[in-house]
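Asks: For the protein sequence lines, the chains are D, Y and U, in the order given.
Numbered per the working numbering, the first sequence finishes at 435, counting up by one with no gaps.
Numbered per the working numbering, the second sequence finishes at 435, counting up by one with no gaps.
Numbered per the working numbering, the third sequence finishes at 435, counting up by one with no gaps.
These aren't lab readings, by the way, just hints derived from the structure by calculation.
Accuracy of the hints is not assured; some may be wrong.
Repeated chains share a single entry, so a pair holds when one copy, or any two copies, can fit it.
Heads up, simulated BS3-like pairs for lysine-lysine below, C-alpha to C-alpha not over 30 angstroms straight-line [to be verified]:
#1 K422 - K435
#2 K390 - K145
#3 K390 - K146
#4 K422 - K146
This is what each chain is made of:
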Amino acid sequence: MPINLGELAQRFDCELIGDPGVHIETLGTLANAGSNALSFLASPAYKKQLPSTKAAAVVLRTDDASDAPCAALISNDPYACYARMAAVICPPTAYEPGVHASAAVASSADVANSAHIAANAVVEDNAFIGANTYVGPGAVVGPGCVVGDDCRILANVTLVRAVTTGDRCIFHSGSVIGADGFGNAMTSDGWLKVPQIGGVRIGSDVEIGSSTTVDCGAIDDTVIEDGVRLDNQIQIAHNVHIGEHTAMATGVAVAGSAHIGKRCMMAGMVGIAGHIEICDDVTVLGKAMVSKSIRQPGAYASMFPIEDARSWNRRVASFRRLDKLIGRVSELEKKNK
Amino acid sequence: MPINLGELAQRFDCELIGDPGVHIETLGTLANAGSNALSFLASPAYKKQLPSTKAAAVVLRTDDASDAPCAALISNDPYACYARMAAVICPPTAYEPGVHASAAVASSADVANSAHIAANAVVEDNAFIGANTYVGPGAVVGPGCVVGDDCRILANVTLVRAVTTGDRCIFHSGSVIGADGFGNAMTSDGWLKVPQIGGVRIGSDVEIGSSTTVDCGAIDDTVIEDGVRLDNQIQIAHNVHIGEHTAMATGVAVAGSAHIGKRCMMAGMVGIAGHIEICDDVTVLGKAMVSKSIRQPGAYASMFPIEDARSWNRRVASFRRLDKLIGRVSELEKKNK
Amino acid sequence: MPINLGELAQRFDCELIGDPGVHIETLGTLANAGSNALSFLASPAYKKQLPSTKAAAVVLRTDDASDAPCAALISNDPYACYARMAAVICPPTAYEPGVHASAAVASSADVANSAHIAANAVVEDNAFIGANTYVGPGAVVGPGCVVGDDCRILANVTLVRAVTTGDRCIFHSGSVIGADGFGNAMTSDGWLKVPQIGGVRIGSDVEIGSSTTVDCGAIDDTVIEDGVRLDNQIQIAHNVHIGEHTAMATGVAVAGSAHIGKRCMMAGMVGIAGHIEICDDVTVLGKAMVSKSIRQPGAYASMFPIEDARSWNRRVASFRRLDKLIGRVSELEKKNK
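All chains, full assembly: derive it from the sequences and hints.
Replies: This is the structure:
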């Protein structure tokens, strides 16, 4: 939606340095923006691209304004400010209300008139779809699921059963919410399946990435609180509890009944053991393994960065000599007493 | 299905301490069970919740019975006993036989009369669907697949082609079985695809989690034996062989032609290299990397647990000084001879 | 497609030792091939299976020819040679042109007459499907996607939006291309979604595995160049750039804006941090973490292989004493000066 700089500055309460009449029609990176695009400068790494940008305007901090070769919108938090403006300039697609002829909606389902059910989507028995919610092509909303207002369930998402969501949630393609948890009892005849009868309770403003899986609870529900952000390829096992505004990057796996606090940040490929607690405001760095509860806010790690393969192999060999080395040092200490 | 305690005790051969006439209608955790619920106590970690439970009855070991504020069903293996009772109290959904009007079943496919093919499911050429098997909404059973009796292929599962299963298998949503393996030959013009013509042979009582992928064999089949349990987000490459009753937790990746024994347990995020053998009864702990064959039953590991990021960084720095440290100690030893 | 050895030898310019009239009808491994099958010997590990093979013919190197109990096709690169012959003997399924009655194709979409759109597939507004391209059952080609000629989009694949591909690309089941990147700005009210308006640009001859996810760019496009091969369960974040003929094994995760060169090989479960550069011809070994740019071609690693759990735990304990050990050695050195 085209908008001019004066309106943007006023609406988002920014100082504008430049012509308020300039029209903004799209978004652009500093390096590649066209003359009708809004860009932003948040990270110092991109500062060198500012002087040569072709953007119509750049959202940036006061200190950077003098280097802008174009209009500048001043903000203390340029990334968030840009995000808000971007949502006005390039709003999410709007969908016509209605159910596509090829969609299959159970007669016992309750779909808001303003909802959009796309081609070959399926809404099963006793499911509820809220106002303005979009159910994409091939998506399945299983029996008894309750989806709030203004949600987006993208193509080929599966809400298996007993999933309840708040409003404004987004489920990306291929995500699977509410499948059976991995509950097996060992017997002399092999594994015995333990019935998984809990559901998944999801707050409002939650976004869940592609191919991310969130299992239903074994008995009580799996819980994801308001504002949680999960990237792609994440696994949330049965009865996990994730506190408000916690974010997880790709490939994180959380084992059963782990309880994770608010405003935590898990970097990519972190593993979290079952039945542990992580307090609020914990950051875990990439590829680390959390095998015990964390009771102090702060940053945690357990990852070795790469080296060239030959030196790495030497290091691993040295590591295997460490036990003996400790003995050798003790021996020397005795001699030197 | 409601049942009273007397019937439960008799059917599963348990001692009952309490009123056999009490009706059980659902399941509950010790902490949250209602007065019509059956609960269980298996792990000592939950023992403290027993005295205050509101459950109608608890499955537990003799030693714990005196702390139960309600009826008790005595078992040496309370978790397995609970699982069996739970399957009676909350049986899996039963489906009416038939093919939904929106499903597409190829004329050459052979679908048992008692099978249920849900909305927008697809059964392709020459596929066979056994008695009482459920094919969920949006699921695809590809050409030449043979699915046994009493299986559950949940919503949006894909059996790509040439997948054969035994009876009572469960495939959770988003799992993909029988896609091409990753076979590429390097040439001077880049990678050349190697045709993948094998299938996937799956035994009975196998359960495969959401978004788990099992590739077809390059020439011979990929094989998963009876009773195997795979959690979500697992990758099984072409020509892997997994022995009976082996279980793998989330995020395990098994490379091509690995041969894994019976009753193995792989914890979350374990990696298993290609073309290796793992004998029966091996347990691999979380995040470990199996790069060589394992020929002795037992537990294996290679993971570092987290520490606070600052101490971890110091440790990594020390690790990099280890090579030199070994030299320094040798030097000291010379001096101290 | 049956073919005789003489034709194979001529077509692929191989020396044939044996009867050119022998008919080949299928493919087989050395161990299990039948008498109408072509097999190959590329890796020395399988050399011991050659003398007892029942294959009709084996593709192998000159040096191995004398051990073949059957016809031999001589090649310097038997694996690539076999791959080319295999594609003739077992060509990919051919599909009849046409749109299945249950597929939903938007009126604004442009589908080549020679394309095949399978049951319950969905092609959305303004999408373009090239000549001879196959869109499998349940697959969704989202608005504005442009798919080249001779591509295969398998069952339940999702091209979300704004995905452009070259020719001869293969997308395996469950892969999701073009979903929103993980763009979130922290605010005092929690995470704010940053609109993701870029697309995904994919070259020709690219193959993408099951459940692999490739996100659209935040503003500019995510780019995958010609000949790239991605295995299953891989995550490619927004604005990643992958150079020609790079291959990645299962479970690799690449964070946002990483730029990866040509002909790189990433083994399974490698993590690659955001905003870094990896030059051409880099190999990263399994489970390693690339947290900084790599500017020299070569092999890199950071993984510890398993040991039995008891010794591993001892090693971790020793590792934690390393800091102090360094101090103890310094102390000894002072005494021994």
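Asks: All the hints need checking, so say for each whether the structure fits it.
Replies: Okay, the hints, checked on the actual structure:
1. K422 - K435: For K422 and K435, both the intra-copy (20 angstroms) and inter-copy (18 angstroms) Cα distances are at most 30 angstroms.
2. K390 - K145: between (41 angstroms within a copy, 20 angstroms between copies)
3. K390 - K146: For K390 and K146, only the inter-copy Cα distance (20 angstroms) is at most 30 angstroms; the intra-copy one is 43 angstroms.
4. K422 - K146: For K422 and K146, the Cα distance exceeds 30 angstroms both inside one copy (52 angstroms) and across copies (41 angstroms).
The structure shown violates just one earlier hint, number 4.
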